[in-house]
Every structure is written in C-alpha cells, then in structure tokens.
Amino acid sequence: MAPGRDENRRLTPPFLEVRNLRFVYGAARAAALAIDDVSFSVGPGEFVSIVGPSGSGKTTLLRCVSGLMKPSAGEIRLHGDVVADVPAELAIVFQDYGRSLFPWLSVHDNVDMPLRRLRLGREERESRIASALAEVALPEAARKYPWQLSGGMQQRVAIARAIAYRPSILLMDEPFASVDAQTRADLQDTTLEIWRAHGSTVLFVTHDIDEAVYLSDRVVVLSRPPARVESEIAIDLPRPRDQIETRAALRFVELRADVARLIRRPMPSDTRTPAATDEPAAGA
Amino acid sequence: MSFANADAALRPRLSGVPGRVGSVALRLSVLVALIVAWQVMTSIADDAVRWPTFTAVAGRLWEIWIANPDAWVESLLPSMARLLVGWGIAMVVGISLGTLIGLSRGARESVDPIIQFLRAIPPPTLLVLFIVLLGIGDSMKVAMIVFGVVWPIVINTADGVGSVEPLQRETGRAFRIGFVDELVRIILPSAAPKIFAGLRVSLSIAVILMVISELYAATDGVGFELVQAQRNFRSLDVWATIVLLGIIGYTLNLTLAAVEGHVLRWHRGATRTGG
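So the sequence lines, in the order shown, correspond to chains R and F. Mapping to our numbering: the first sequence position 164 is 164, numbers consecutive. Mapping to our numbering: the second sequence position 18 is 18, numbers consecutive.
Read the hints as simulated data drawn from the structure, not as lab findings. Fair warning: this is a prediction, and the values are worked out from it, not measured in the lab. There could be a bad hint or two in this list.
A few chain R residues facing chain F, derived, Cβ under 8 Å [stated by the list, open to error]:
{"hint": "1", "residue": "Tyr25"}
{"hint": "2", "residue": "Leu68"}
{"hint": "3", "residue": "Phe94"}
{"hint": "4", "residue": "Ser100"}
{"hint": "5", "residue": "Phe102"}
{"hint": "6", "residue": "Trp104"}
{"hint": "7", "residue": "Gly121"}
{"hint": "8", "residue": "Arg122"}
{"hint": "9", "residue": "Arg125"}
{"hint": "10", "residue": "Ala142"}
{"hint": "11", "residue": "Tyr145"}
{"hint": "12", "residue": "Gln148"}
Just so it is clear, CB atoms sit at the ideal spot from N, CA and C, and this is done for glycine as well.
Given only the sequences and the hints, what does the whole structure look like? Please build it.
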C-alpha cells in the first residue's frame, strides 16, 4: 500500500507477506510467547514450505496467515491488503481430516459445502465437484460418507474440497502427518500435480524435512520456540519431481542436510547468519 | 430360518436382516408368554371385576377404543393433539433456547443453575398453578406439557451445540460459509444425536403429562375417560384404557426411533467405524 517504505520492496507488493508476526498465547502471567518475530513473503504461484522443530508454532503461524487467529503484533498482507478475516481466495487443508470433514455429509456434499457460498450455477458446481474428485483420484466416492473411506482417501476428499473452491492460495497444515508412508508419497504427488495444473500458491507446513524439500520451491526454517525465521533455503531441484529420482539426487541430499542442520541447531539463534551452523553452543 | 435366509438373499444390502428377524421373534415370544401367563392366572383367580382376563381386556379395548370412531374423535384426537402440540412447541422452544445457550460457554454456565432448578420441579405439581393462571382449557394442558418436557430438550441441545468439534466450526469459518450455514449445516447436524436423545426423553414425559392434565377438571381426552371409568366402577374399561395408553406411548417411541434412525444414519456408521 505504501511503496518505498521498505527499501527492499518492489513497487508491486508481494503476493503474500508476513511481516514481524508475533503471537502470544494467554494473557498476563500465564502468557506464553509462541512466535517471536517472523517475516517472510511468498510470490504468486510459489510452493513454499515452513518447517521447524516440534512446538515451534508452525500451525499457529498458518492459522494467523489464514486469518483464523489474530496475531498479537505484526501483520499479514495478501496483495498488499492486511488480512483481518479469512480472505475469500484462500482455502485450507487441515492435518486432522477425521475432524475437519463433516460425517453427516456425503463426500459430494462435503466438497459442495464451501461452493454454496459462491452462488455458482448448479452445473458449474457439479462440474467443479466432479473434476476435483477426479483430480484426487476419487471419482467413485461421491455418494459415500467420509467415514466409509480410509484415512488417505479422507484427506483426498479434504484436498478436493479445497481445490473445488479454486483458491488462489492454498494453506496446508501438516496434511499428510497421519497417513502411512506410501499414502503420503501418493498424496505428495497428487498435491504437486494439482499445484501445477491450477497455478495456485501453496503454503505448506510440515515437520517432515524430506517432504518440505521434495515439494517446495523454497523452505522457510523456523527456530525453536519462540519462533523466528532461522533461514530460508531455495530448493533448486528440477521439476517435475519424482519420488525415486529426486530423492536419490545428490542435490536433494545436500539440501535436506542443510535444512536438518538448521533445525537441529541447539540454541535460539540471535546471529542471523545461516552459514554458521556448527558452532558449539553453551547450554540453552 | 429359511424365511430369514430368503429375506437376506432378497435384500443383500441390509446385512443385519437375519439378526433383526431373530431378535423380533425373540421379543414376540416373550410377549406371547406374558399374555398367556396373564390369561391363565386371571382365569384361575376368577375375579372378573378386579383381575379381568387378557381376552376380556383385549375385547373391551377393541370395543370401546379401537373399533369405536366416536372415541377416536371425542377422546383420542383431543389427547393426541394436546400431546403433539405441547411436545412440538417444546421441541421448537427447546432447540432454539438450547442452541442460544449452547453457543456461549458463559451462557451455559450462568443459565445452568436456573435450568436445573426449573427442571427439578415435578411438573404435576404445576397443574394447580397452571389452572389458576390459564383456567382449565386446552391451553392449560398444553402449557403443562410444554413446561414439563422442554428441559430435557434444552439441556441436551445446549450440550450438543456446546460440544461441536472446534475444527469443524473452524473449517466452516475457513471457507467463510456464513453463520446461517454454519448453524444449519454444521452446528445442528453435529448436535443432532444429543438433540434426539432429549426428544426421546421428553416424548415419554409428554405422554405422562397428557394423561395427568386430563385427570382433573377435564371434559374430554383419554385421561378423562380413564377417570370416568374409575368413578363408574367400570374396571374393565380402566384396564382397557391403561393398555391403550401403553400402546400410544410405544407407538410414539417407535415412530420417533424410526425418524431418528433415518436422520442419524451417518451417526451410526461414523461411530461404528470409530471416526
């Protein structure tokens, strides 16, 4: 909104910008600082992952970005506009599909639920539902109920619900944390295909370093709590990515090790130099 | 046995059919055994005034109630109307009030003692008060039913609405479905199993209160006929009418259970698979 305020900013504001975000749980004496000071930005069509040690406030960060939670300080800007409530062009896939899908609705009606608000014609709605279910490889499941499906299939329904909505930005909160390894690999590839087909921006939270490197254009590494941005690492692996080829590539292994080192860093860093990683630290 | 199997083969999707047929047969055999015992013991007692036989009671039930259109119009209809209107009003008021209370934790905590107090008042004792306030007409009877049955609905609805999975409501917010859709498509369906539990309890109480409200200062209704029979020493009519009330209560319960089974299909499946 105010170009020139920050010397590093271009005249057009970034697609998504998180600026000096701070989040405090509770109040007064019981207050706990979850996020200290987090800033990063995401370009249009970019696939960015946020990784960090467990309890580093990744989910809190994503909830602030989505507008579901109000940050204690700092701001989130989408197209330069401050996010106060959930933006219309945003969709979320939660980790806990079992509780975010509605058991009283069929798969079809679960996907349809957010579309009701868009005032689309009936045909348009039906075609969006059908193509979203086809994209997640569940075309036959429309009349079933979520609880009749396996965990991986349920998460596919949650993804279909998000993409049928055609968001320009898709937030995913550890979406594959509670499925088995093979299902996770399949869902990762489905996510990449959808991302490529729709050209939407994805902000992906995970604790799985391999997953973050495999999927992303860029990985934002958070420090131990209270969270700061430890580092940002560009993932210069070629696309399309392949579960076997990409993961076997030397560059993948290097990047993975870089991220892992940053996460394992034993003390909260106040030196903001990602290169210095192996300094022995005094007790935290 | 062969019947159950043929039935299951014809309707393969209802996998529980043979078991259900078996349990119905078991229940029927217990009922038949009790009726036979009733018949035998009353025949031995040979006291037709105080202990009429089953066949005598069943015959009388048929004669004065089931095969008697006048009794349907003059007694059964007014009674059922009071019961269903009272229960219907209680349902609307109870679900609305319960939803309002359930939506806010503060409201639930501050209103709870008041509701517990009102609920603890035995509804029949209110008969005297309601006669003073509303006279002896239908409005008094309906009011008594409403007041007596509304609390289980309020409490269960508030509980159900208050315990909606937070992530489900958050999902609704994340997709900006708006408050009306959130209420109608997330909160109420999620609370529906508990709301139905409240409705079931309140329906049984409604039958009781319908009869009680007709015992005093009434001019028609099944309860009124019961008192008339008793005052005129028509003990067989008393027995027949008591059996009729049992049939009414049982039929209402079966009907509500059928509606519930249909509306909450998802709930049975979801809880069975542990999701």
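Using Cβ atoms only, decide whether serine 100 of chain R comes closer than 8 Å to chain F, and label the hint accordingly. Since chain F brings a Cβ to about 5 Å from serine 100 of chain R, closer than 8 Å, the hint holds.
Restraint: tryptophan 104 of chain R near chain F, CB-CB cut 8 Å. Satisfied or not? It holds, given that the least Cβ distance between tryptophan 104 of chain R and chain F is near 4 Å, below 8 Å.
Next item in the hint list is arginine 122 of chain R. Is there a CB on chain F closer than 8 Å to its CB? 17 Å, violated
Phenylalanine 102 of chain R as chain F interface residue, shortest Cβ-Cβ below 8 Å: 6 Å, holds
Does the CB of arginine 125 of chain R sit less than 8 Å away from some CB of chain F? It is violated, given that the least Cβ distance between arginine 125 of chain R and chain F is near 14 Å, above 8 Å.
Glutamine 148 of chain R as an interface hint toward chain F, with CB separation required under 8 Å: Where the cut-off is 8 Å and the nearest Cβ of chain F is about 7 Å from glutamine 148 of chain R, the hint holds.
Quick check on the hint: tyrosine 145 of chain R CB to chain F CB, less than 8 Å? 6 Å, holds
Holds or violated: is the Cβ of tyrosine 25 of chain R closer than 8 Å to a Cβ in chain F? 16 Å, violated
Is the hint on alanine 142 of chain R kept, meaning its closest Cβ partner in chain F is under 8 Å away? Constraint on alanine 142 of chain R not satisfied, violated at 15 Å.
Hinted contact phenylalanine 94 of chain R with chain F - closest CB pair below 8 Å: Holds, about 6 Å.
A closest beta-carbon separation below 8 Å is what the hint needs, so does leucine 68 of chain R meet it against chain F? 6 Å, holds
Against chain F, run the beta carbon of glycine 121 of chain R and see if the smallest gap drops under 8 Å. 19 Å, violated
Against the hints set out earlier in the document, violations occur for numbers 1, 7, 8, 9, 10.
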